[in-house]
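Using the sequences and the hints given, assemble the complete structure.
0 is the number of the first residue of the sequence shown in numbering that gives the first Met the number 0; add one for each residue after it.
Each hint should be verified, as a subset may be incorrect.
[Unchecked claim] Simulated restraints, written as ranges between beta carbons of each label pair:
1. LYS125 to ILE195: 28 to 38 Å
2. CYS21 to GLY197: 41 to 51 Å
3. TYR231 to ASN26: 36 to 46 Å
4. ASN19 to LYS65: 26 to 36 Å
5. VAL67 to ASP168: 19 to 29 Å
Rather than coming from a laboratory, the hints here were simulated on the basis of the structure.
The C-beta atom is built at its ideal place from N, Cα and C for all residues, glycine as well.
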Amino acid sequence: MENVIIVPCYNEGNRMPVKNYCNFLENEENCVLVFANDGSTDHTDQVLKNIKALFPTKVKIINLPKNVGKAQTIQVATLQCLKQFTGVKKIGYLDADLATSLEEWLLIANNINDNIIFAFGSRISKIDNNIRRKNYRHYLGRVIATAISTLLKLHVYDSQCGCKIFRKDAAENIFQELFISKWLFDVEIFFRLKNIFGSEKMKNICREIPLQEWQDVEESKVHFTYFFRLWYDLFLINKKYNNAAKKVTR
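Structure follows, in structure tokens:
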């Protein structure tokens, strides 16, 4: 199985476009979907079982006993998949609501090769794509993204897009350690890559790919109040990874 797509799920029973998942699984032979159920308390588990019943060889379900947050859910699922699917070449994750489609995930994954170890989607609105975001999310996101890019000292437009793909060896390095933040773990991924490879090399081995389509789903899992907490998370992330970088350079 060449491609593994991890889909973190927490109370997604009413949000998951089941038909889209089924259509994808019917047509795609070289991919496995791994639903990582993060202690959901609604009927998410039954929705996932229904999909797996239709495609038993193409779907894996990982059930976490309690809610631990998106970061740890993806980490646990990634490590399990790397151990189980020995033939995997590319592994990554995608939001359960499919704001970005599974098909587009595969298109972005095509950028992974002998030279490119990490590719990620970017919600850049252009004349030739269809990026539909709520205004408040867009402007709030730009403030956060600018702060993140400044801390990283890298020109990353959209570090928080939920569509990311890694070459197997890169994932093995990046996901071994727990993340600090439940929601800003994407930032930690960039810091880990930077500390391993350095800023200049990252420009050659990473690709930020503008999405063809994105549509914000009405209900967000991230509460508006987290806007205030995230600055503290960014402080902790910056402190940890910059200290780690200093130790490496000594």
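CB-CB spacing for ILE195 and LYS125 relative to the 28 to 38 Å hint: Since LYS125 and ILE195 have Cβ atoms about 31 Å apart, the given range 28 to 38 Å holds.
VAL67 and ASP168, beta-carbon distance inside 19 to 29 Å? Since VAL67 and ASP168 have Cβ atoms about 26 Å apart, the given range 19 to 29 Å holds.
For ASN19 and LYS65, compare the CB-CB distance with the range 26 to 36 Å and indicate the outcome. 28 Å, holds
Status of the given 36 to 46 Å range, CB of ASN26 versus CB of TYR231: This hint holds: roughly 44 Å between Cβ atoms.
41 to 51 Å was suggested as the range; check whether the CB atoms of CYS21 and GLY197 agree with it. 43 Å, holds
Checked against the numbered hints above, the structure breaks none of them.
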